[in-house]
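Just need the whole structure built from these sequences, with the hints factored in.
Protein chains in written order, with full-length UniProt numbering: chain W, 1 to 420; chain A, 1 to 447; chain U, 1 to 77.
None of these hints come from the bench; they were simulated from the model. Treat the hints loosely; a few may be bogus.
What the hints assert, rightly or not - Capping the alpha-carbon separation at 30 Å, the derived lysine-lysine pairs in DSS-like fashion look like this:
1. W:K332 / U:K13
2. A:K281 / A:K310
3. W:K373 / A:K54
4. U:K61 / W:K320
5. U:K11 / W:K373
6. A:K191 / A:K62
If you're wondering where the values come from, they're calculated on a predicted model, not measured in any experiment.
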Amino acid sequence: MADLHIDFAGIKSKNPFWLASGPPTNTGYQVQRAFDAGWGGAVWKTLGDPVINVTSRFSGLNYGGQRVAGFNNIELITDRPLEVNLREIRETKRAYPDHAIIASLMVEPKQEKWHEIVKRVEDVGVDGLELNFGCPHGMAERGMGSASGQVPELVEKQTYWTKEAAETPVIVKLTPNITDITATAYAAAQGGADAISMINTINSLMGVDLDTWNTIPNVAGKGTHGGYCGPAVKPIALSMVAECATQPDIPVPISGIGGIENWQDAAEFMLMGASSVQVCTAAMHHGFRIVEDMIDGLNNYLDEKGLASVSDLVGRSVSKYKKWGDLDLNHKVVARINQDYCIHCNKCHIACEDAAHQCIEFYTESDGTRALKVREQDCVGCNLCSIVCPAEGAIDMIDQPSDVSMTWNERQRLISTFGG
Amino acid sequence: MDSAATNAWKIFDEVKPDMKPKEVMEEANRCLFCFDAPCMKACPTHIDVPLFIKKITTGNMKGSARIIMEANPVAATCARVCPTEELCEGACVLNDASLPIMIGDLQRHTMNWAMKNNPQLFEAGEQNGKRVAVIGAGPAGLSSARELARYGYQVTVFEKQAEAGGLDTYGIVPFRLPKHVALWEVEQIKKLGVSIQTNTEVGKDVSIQAVLDGFDAVILAIGMAHVPPLGIPGEELDGVFDAIQLIERVKSGHVTDRFSGKKAVVIGAGNTAIDAATCLKRLGAARVQIVYRRSEKEMTAYPFEYRFAKEEGIEFRWQTQPKRIEGDENGNVTSVVCAPIMLGEKDASGRRRPIEIDNAPFPMNTDVVVKAIGQMRDVPLIEAFDLAHDHGVVAVDPLTYQTSNPKVYAAGDVIFGNGKGEAMVVAAAEQGKKTAQAIHEQLLSKI
Amino acid sequence: MQEHQLYLDEKQKIDTLLENNFCIVGIIENLSGTFVAFKQAEETGNAPQATVQLLIPETRKYVTNLLFTSRLDQSVS
Ligand SMILES: Cc1cc2nc3c(=O)[nH]c(=O)nc-3n(C[C@H](O)[C@H](O)[C@H](O)COP(=O)(O)OP(=O)(O)OC[C@H]3O[C@@H](n4cnc5c(N)ncnc54)[C@H](O)[C@@H]3O)c2cc1C
Ligand SMILES: Cc1cc2nc3c(=O)[nH]c(=O)nc-3n(C[C@H](O)[C@H](O)[C@H](O)COP(=O)(O)O)c2cc1C
Ligand code: SF4
Chain W
1 MADLHIDFAG IKSKNPFWLA SGPPTNTGYQ VQRAFDAGWG GAVWKTLGDP
51 VINVTSRFSG LNYGGQRVAG FNNIELITDR PLEVNLREIR ETKRAYPDHA
101 IIASLMVEPK QEKWHEIVKR VEDVGVDGLE LNFGCPHGMA ERGMGSASGQ
151 VPELVEKQTY WTKEAAETPV IVKLTPNITD ITATAYAAAQ GGADAISMIN
201 TINSLMGVDL DTWNTIPNVA GKGTHGGYCG PAVKPIALSM VAECATQPDI
251 PVPISGIGGI ENWQDAAEFM LMGASSVQVC TAAMHHGFRI VEDMIDGLNN
301 YLDEKGLASV SDLVGRSVSK YKKWGDLDLN HKVVARINQD YCIHCNKCHI
351 ACEDAAHQCI EFYTESDGTR ALKVREQDCV GCNLCSIVCP AEGAIDMIDQ
401 PSDVSMTWNE RQRLISTFGG
Chain A
1 MDSAATNAWK IFDEVKPDMK PKEVMEEANR CLFCFDAPCM KACPTHIDVP
51 LFIKKITTGN MKGSARIIME ANPVAATCAR VCPTEELCEG ACVLNDASLP
101 IMIGDLQRHT MNWAMKNNPQ LFEAGEQNGK RVAVIGAGPA GLSSARELAR
151 YGYQVTVFEK QAEAGGLDTY GIVPFRLPKH VALWEVEQIK KLGVSIQTNT
201 EVGKDVSIQA VLDGFDAVIL AIGMAHVPPL GIPGEELDGV FDAIQLIERV
251 KSGHVTDRFS GKKAVVIGAG NTAIDAATCL KRLGAARVQI VYRRSEKEMT
301 AYPFEYRFAK EEGIEFRWQT QPKRIEGDEN GNVTSVVCAP IMLGEKDASG
351 RRRPIEIDNA PFPMNTDVVV KAIGQMRDVP LIEAFDLAHD HGVVAVDPLT
401 YQTSNPKVYA AGDVIFGNGK GEAMVVAAAE QGKKTAQAIH EQLLSKI
Chain U
1 MQEHQLYLDE KQKIDTLLEN NFCIVGIIEN LSGTFVAFKQ AEETGNAPQA
51 TVQLLIPETR KYVTNLLFTS RLDQSVS
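In structure tokens:
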């Protein structure tokens, strides 16, 4: 059994799995149930001036008959008075002293507002603070959430104000609705953040109802953009984590959020540099009990890899994340079809024919059956065929030996010496 | 209909319910959308299976129905009676990887939608002034009529029965294929301007000469006829029935209680035997046994039919040859005397030859005997048309379906001979389609 | 499309020039591909010249690989 304990910027937790701020962390009742189920920590539903929500608020993106490939919401922060939340946080912390409770905060970008709320939540014994600079809808129209999270100076300034008052670690939760997330990550670090977390939800409109022509979701026939999350956003979140983890001038721990559903997703975020992970949609889709397999699966994985502690996993893939110009142009793989596993759906053929390099051909075997073969010298190794192949093991991408590596940047430097 | 009658009919309701909405979506989404898909090749009518399934996933039910019916004018019937394990589903590439797509059920789902919503899927072609007569409104005749109408021919279908549809309407048991399904397909064809003259037997109500003279081409799609005699003593006793007539009566709404609580023996082990046996069970027969002189391996019923029969509680007596039927003093059947059979070497049909074991006959007590040993041919009609044939199987050019009289074409069961494929609705439909194409190609030059 | 054959054709051009004592003296890349300028190694000033336009990515890679490995060799030796 590996050690799953983490120390995230001073916040201790018995495993790296936290509930992200959202509906599952709305009340003490829910957070306590989550802790009973095994979650190591919870970021409380964002606190601030209580809002009034609209109905309906959520919608799901179904794909290929499966529910919730993506999820979208137009919910705001907590709609309960601060005192109520604080009382429940105090009770929960008292009952679960070994679990991490982080208070998520959102107030107007004014120094005294931040000072006030920081003092009041720290009074009830939270383990840390998370500044919500993320919500893309509603709160942003009031100058909060992503509206301030998109402006590096505002991120830096508000982080600084918080740090002036805070005694517990401060995590800055970043919005993905920005061209370069390292700009705001850097600003947070400059403002004194102890850690950053990402991503909050992505601007989205889930759909339009083809019968009523209403937006999805709709509020009395009207709709607005919301925040997108769930499995579909994982690759976006992961790249943002990687961007920050590879920047030497963002030297703070990262809490990875976005589309995490299981231990495998979590392990990927950790390999890319996250030292804790947060989950919202998956808990909404399946309930708190999903954490059991997250813990168990991660444990078995660490054992299998011979790692004694989850912290040994963190960042192991970061050095592999590069700029395109530093990739080896001479590396070559080609597709090879394994006839023993091929089920003859011919999807690779039509994919290569219509959308790649026209090099998967039919031929007739000695027994008269038709089969497919890759004309390897014309294969560019794009992977498309193996991506569309539904039969596990039927297409392998085979490494072709190459002597020297030459990256694009090296090549361009070389050409420049030939003075064009 | 009074409530007793309604209840009596309930037992003949379609056994298989439509797929549930979630089931449809899960199954349709499982389809790989193969390129050059083997299911499409395995379907005798070459329905573009991946495409009609893809359309289900996008909610384009009208498009899905059009793709199916384009290839197969009797697709609602086929979705119910095709031996899919041997056709499309048998060819599904997922057989090797997991489970084949339930193509038949998905097709049935789309066709159920079409029957409910009745979209106009096809239009008649611009009239080209040519007239074609189709004799027989079974799947072969209907399919050729629909295609010809789309090409612009004026088509007249002659049907001796009161309703069109052939065996789909009268021959296949209602709990597998409700009559309204076949009749809906007939309606679709009528919508294209095809004239279907029912209660009109060619050779009786209309003369052969009139048909030959009045049309530019004639399609003979008369199928097969009733069950041949067993050729054993006692066949005339009260309680001996022809399977096809029995089913026909039930499909025409004659629910009788004369089989209630009775013992029945069905002779033969093909589609018809199974349909007759399961029908008797639903009519209340206490015990139904199928008697077949060969073994389970040689029976011609499809595996799905065999499974269904066993589920319905039908018993099978293999390697048993009926010798004579015995009756009481009132002429009512009391038993069938049978002889046990050994199976010898393979004969010309590739099946082991049944050899009777002498001196071991045994009686099977029964009240009812149903003959289901295949179907006869309407040789007199074929000869009246002066067509070349082999024991009633009309000879045709395999590509053009032309008979020995170049003006007369033939399709469906009427050209089905032993060892040449299977007598199936889907095969009849494809032959009808091909015949229409051949006629069009040949008459086109004359338009 | 059999791009590999086109690659072999272009590669052949380069290899032939190199075998005939030409060496690469300039490379320009633009919207039309890669233009490689060759000059024959000769004592006298009026050396023959040649320019080859490369269209195929594999060849454009190949030609720079030739130079790259020779640079590497030089720096090792
Ligand atoms: C009990 C039973 C179960 C079956 N089960 C299946 C099954 O599960 N799956 C499957 O694929 N197939 C099954 N079949 C076979 C299938 O029904 C036939 O292969 C198919 O119906 C043949 O079509 P057809 O158009 O050639 O002939 P038919 O359907 O026989 O149609 C011929 C038509 O011609 C009419 N006719 C005949 N003579 C004249 C005349 N002189 N003038 C005017 N009209 C005339 C007849 O009344 C009839 O309507 C079954 C058959 C039977 C009997
Ligand atoms: C309905 C809903 C409400 C949310 N509310 C908050 C919130 O109040 N504060 C916050 O920081 N993030 C909020 N989030 C964002 C999540 O914390 C998380 O960053 C995002 O959903 C991505 O993670 P996931 O893919 O695991 O859901 C909310 C998300 C959802 C779906
Ligand atoms: S890897 Fe790309 S180019 Fe190569 S065979 Fe597959 S699809 Fe074609």
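Hints, verified against the model:
At roughly 23 Å between alpha-carbon atoms, W:K332 and U:K13 fall within 30 Å of each other, so this suggested pair holds. Note on A:K281 and A:K310: the hinted pairing holds, with a Cα-Cα distance of about 11 Å set against a maximum of 30 Å. This hinted pair checks out: W:K373 and A:K54 have alpha carbons roughly 27 Å apart, not beyond 30 Å. Proposed proximity of U:K61 and W:K320 is supported: the alpha carbons are some 23 Å apart, at most 30 Å.
Of the pairs offered as hints, the one joining U:K11 and W:K373 holds, with about 26 Å between alpha carbons and a cut-off of 30 Å not exceeded. As the CA atoms of A:K191 and A:K62 are separated by approximately 17 Å, the hinted pair is consistent with the 30 Å bound.
No hint from the list above goes unmet by this structure.
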